[in-house]
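Asker: What follows is the residue order along each chain.
Number of protein chains: 2
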Amino acid sequence: MIQIYDTTLRDGTQRKDISLSVSDKMNIARRLDDLGIAFIEGGWPGSNPKDVEFFQRAAKTTWKNAKIAAFGSTCAANKQPDEDANIRALLEAETPYCTVVGKTSVLHVTDVLRTSLDNNLRIIEQSIAYLTSQGRSVIYDAEHFFDGFKLDPAYSIETLKAAQRGGAETLVLCETNGGSMPWEVSEIVRQVKEKLDAPLGIHAHNDSECAVANSISALREGCIQVQGTINGYGERCGNANLCSIIPNLELKMGLKTLPDGQLKNLFDLSHYVAEVANLSPDEHLAYVGRAAFAHKGGIHVAAMRRTTRSYQHVDPELVGNRMEVIVSELSGKGNLVSKAEEYGITLENESQAVEVLQTVKQLEAKGFSFEAAEASVVMLFKRLEKNYKAPFELIDFAAEVEHRRGRGIFSEATVKVMVDDQVMHTAAEGNGPVNALDLALRKALVTHYPAVDSFHLSDYKVRILDGKNGTSATTRVLIETKNEIKTWNTVGAGTNIIEASWQALVDSIEYGLAVVHPASQGV
Amino acid sequence: MIQIYDTTLRDGTQRKDISLSVSDKMNIARRLDDLGIAFIEGGWPGSNPKDVEFFQRAAKTTWKNAKIAAFGSTCAANKQPDEDANIRALLEAETPYCTVVGKTSVLHVTDVLRTSLDNNLRIIEQSIAYLTSQGRSVIYDAEHFFDGFKLDPAYSIETLKAAQRGGAETLVLCETNGGSMPWEVSEIVRQVKEKLDAPLGIHAHNDSECAVANSISALREGCIQVQGTINGYGERCGNANLCSIIPNLELKMGLKTLPDGQLKNLFDLSHYVAEVANLSPDEHLAYVGRAAFAHKGGIHVAAMRRTTRSYQHVDPELVGNRMEVIVSELSGKGNLVSKAEEYGITLENESQAVEVLQTVKQLEAKGFSFEAAEASVVMLFKRLEKNYKAPFELIDFAAEVEHRRGRGIFSEATVKVMVDDQVMHTAAEGNGPVNALDLALRKALVTHYPAVDSFHLSDYKVRILDGKNGTSATTRVLIETKNEIKTWNTVGAGTNIIEASWQALVDSIEYGLAVVHPASQGV
Chain A
1 MIQIYDTTLR DGTQRKDISL SVSDKMNIAR RLDDLGIAFI EGGWPGSNPK DVEFFQRAAK
61 TTWKNAKIAA FGSTCAANKQ PDEDANIRAL LEAETPYCTV VGKTSVLHVT DVLRTSLDNN
121 LRIIEQSIAY LTSQGRSVIY DAEHFFDGFK LDPAYSIETL KAAQRGGAET LVLCETNGGS
181 MPWEVSEIVR QVKEKLDAPL GIHAHNDSEC AVANSISALR EGCIQVQGTI NGYGERCGNA
241 NLCSIIPNLE LKMGLKTLPD GQLKNLFDLS HYVAEVANLS PDEHLAYVGR AAFAHKGGIH
301 VAAMRRTTRS YQHVDPELVG NRMEVIVSEL SGKGNLVSKA EEYGITLENE SQAVEVLQTV
361 KQLEAKGFSF EAAEASVVML FKRLEKNYKA PFELIDFAAE VEHRRGRGIF SEATVKVMVD
421 DQVMHTAAEG NGPVNALDLA LRKALVTHYP AVDSFHLSDY KVRILDGKNG TSATTRVLIE
481 TKNEIKTWNT VGAGTNIIEA SWQALVDSIE YGLAVVHPAS QGV
Chain B
1 MIQIYDTTLR DGTQRKDISL SVSDKMNIAR RLDDLGIAFI EGGWPGSNPK DVEFFQRAAK
61 TTWKNAKIAA FGSTCAANKQ PDEDANIRAL LEAETPYCTV VGKTSVLHVT DVLRTSLDNN
121 LRIIEQSIAY LTSQGRSVIY DAEHFFDGFK LDPAYSIETL KAAQRGGAET LVLCETNGGS
181 MPWEVSEIVR QVKEKLDAPL GIHAHNDSEC AVANSISALR EGCIQVQGTI NGYGERCGNA
241 NLCSIIPNLE LKMGLKTLPD GQLKNLFDLS HYVAEVANLS PDEHLAYVGR AAFAHKGGIH
301 VAAMRRTTRS YQHVDPELVG NRMEVIVSEL SGKGNLVSKA EEYGITLENE SQAVEVLQTV
361 KQLEAKGFSF EAAEASVVML FKRLEKNYKA PFELIDFAAE VEHRRGRGIF SEATVKVMVD
421 DQVMHTAAEG NGPVNALDLA LRKALVTHYP AVDSFHLSDY KVRILDGKNG TSATTRVLIE
481 TKNEIKTWNT VGAGTNIIEA SWQALVDSIE YGLAVVHPAS QGV
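These protein sequence lines are chains A and B, in that order.
Residues in the first sequence are numbered consecutively from 1, following UniProt numbering.
Residues in the second sequence are numbered consecutively from 1, following UniProt numbering.
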């Protein structure tokens, strides 16, 4: 069994646009534990109070699978471990494991740490020995190991031996700057194994876009632990991506990493962490991206059903992903029937699917795209249901943007809709014309449908389809809406950006009322 | 010299959210040629009319470095090459190179192509032989090569030999499904080289997050060509990323790929292609991401200044990137001074460059991006010239979109500007609010500046920068304008899409009058 060591909560948060609260960190840690990750590095208690609080809460939690680790550096060059604040913080975190980082490279010892090579060996050995004497298991992170080895192999091995003498359980070779090639990593791990009998780990960064290859190459040479982050989050170009490493190990290399039956939860975990980190999930990630198994076209889909493995390197369900049958003008009736089933829509007869397919094709010819707007597809079906009643009916809308000398720019919109035989006529100002329309429409609906208040426009994308015609080109608008239950996507298109936005807005709100909150109908 | 073969314009556009116009493709091709890319695959002429038009335009263009290649498959299983529409389309593309894809894997021959193993060898050999007899150089793409080799090594070698007999110049081993590990790629390339004496290439996909490692591993074993895309764009998880492969080869493996002095333009190319594809540049890309050399924290920065190489695997300037913490005012100023010279703008003193640099920074913080909007940068300089007089001055504008029962949707705009001390107040209807504003503004100017009539808005792109805020997010608008002399690009940004569009429109028309048609000033 390969030990998976997750550092999303420490190294992952070094990414410039991630900031996690203590609750966020606890929530992610619980999910990592559920998946069966062996080690969870919770933070650097010596560096900030948020991490101290995390460890206080983690100490009161029962973990099913994971061992919690606190991260810190060796003691200061001029100190003993027992008088070092950073080492004290590690002990106060009260974790079963401490991960200690130390210097490997002569360059870093002399130019950055500015101490002697011998004293560096002393602080490595003594820091680890002190922590083990206090009952902690210690993982040693050999910073800049590969660069250090290239500069001075003998000294870099000495630093590992010092950690071993101190009692470290595992020696982790860090590819800190991310500059090594996979064959260099293999070769250096091989040489270390010849010179040292100790359990080794690998910690890689993605600066040469080789972090995954470097990690699995090291494991192939006999490392037993791999450190990385969910979705490869991390400073600069990121850390080694566990969402690629785990399936590569399990599915390609026959190495176990997780408890039985857990691999299929990887997709959900990846998206959960992106959500909590407030980052858009990268659709194109290996294994766990939404587009990782996306196939277009009806003929292609038919061929896929015959010989799946001819177009997929693994079965997507193994990691909880699925083959994305993209509904587009290229799809056949079969795609739509299965899409309707997926959403629990009962087709009265197959001709309804044909009708929707025809509409999809007509609208796509006008510039709509349903690939990323499933809620709009569902609404096409819904509106065909015999007893379906739209929650509101449009009479008029208007949006204007004015720039007036002395006042500057402003946007205003009015909406007139029929709701339950009542005319609602509202107005609102906004940051722009679409924002103003959105606010006016909500005003018109919220009395009858209080659920509208919970819908939140979480993404708004505009694409100009036929650049040739400049500002009279066709515009496609995609809207993502969210509430506490669900996220859904809708589309609109036309030469007029406001009209296109309006269509997507209407689908978004109608879907929310008809599918997400059906109970709110007619309140 | 390793041959870099770019397929951004063909395989790259398979990514679900990329759609390039013919002009976009020509613009990208010119930039690839400027960089010194050896081969540019322009598209699949047999599959769509857009690609046919691209090749017509490419045939009339003089290329400095690149050989243009058209992509297509072997002839149909039941046909001769000279009676096959797809092969005919390849010839009609009139490119010096044709790239022909054929089946390697017994699984695909029998289950997907549904023909005999022998007939597959026939169509590979004959298709290539026919194209070479017509004076084309042929590159052979062996689809699913690695999967095919794993199933039946002998047959997969036979397919390569058939291509060799047909006269193919290079045999490209394709890792089509992206499922192989780097050591498998190395081992299989090694075995192919033992059995075959031919120039080999590698074409990899990123489904296991190993496309870069697989590509460079194959090149290390002696392949002489690598196929990939800018930024790794491509179907599913993308193609092998040339923006990582090129610097890995040049800086880590000592292999030449580009003409001298070109590597430092890689950063700009990466961002240019993202702009044209209307995708947010991925900040975390290796080498070319904006955060690739970003360092947090003051101490870190101080250490960096002492010993740069201790924290960076390469010097970011080698690829045209920069360390993010250091606000490089000097190099920034230098860039702007040469940009001004390029456009024949005489700076009265260097402080003007500093002033423009400051404005650029302020505007970029608000969401502007000047990378693909040089005309807007030029206008920043122009407006600082002592005797520069703007061709018009804004007083008011208003744009509205209305949907009224019985009439449907319509857009109207009014513009009030001062031209030569005369107030021009005009109105126009349009397909949408921006189109209406554009038309009203032209009406207001055309009497004084007849040249305005020749300007044609040829592209209009909208990007939402901060999706998280829904319709109140920041919007960036890029406008491309064209006349018989020149094409130029301008930018606007703000939370209001109409205001952002207006800014870009004003820059577009002002640049046209001040730089493209300076004689028309004050007519």
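Take the hints with a grain of salt, since some may be wrong.
Just so you know, same-sequence chains aren't split out, so a pair can sit in one copy or run between any two.
Said to hold, decoys possible - Listed next, the in silico DSS-like pairs over lysine-lysine satisfying Cα-Cα at most 30 Å (straight line):
1. K382 to K16
2. K386 to K264
3. K16 to K195
4. K382 to K256
5. K443 to K386
6. K161 to K150
7. K252 to K193
8. K193 to K361
9. K50 to K67
10. K361 to K16
11. K386 to K60
12. K150 to K67
13. K150 to K264
14. K389 to K67
15. K482 to K382
16. K389 to K482
17. K461 to K482
18. K382 to K79
19. K67 to K366
20. K382 to K50
21. K361 to K50
22. K264 to K193
23. K193 to K16
24. K264 to K389
25. K64 to K195
26. K195 to K50
By construction, these hints were calculated from the structure, which means they are not laboratory data.
Asker: So which of those numbered hints doesn't the model satisfy?
Answerer: Structure breaks hints 2, 3, 4, 8, 11, 12, 14, 18, 19, 20, 22, 23, 24, 25 and 26.
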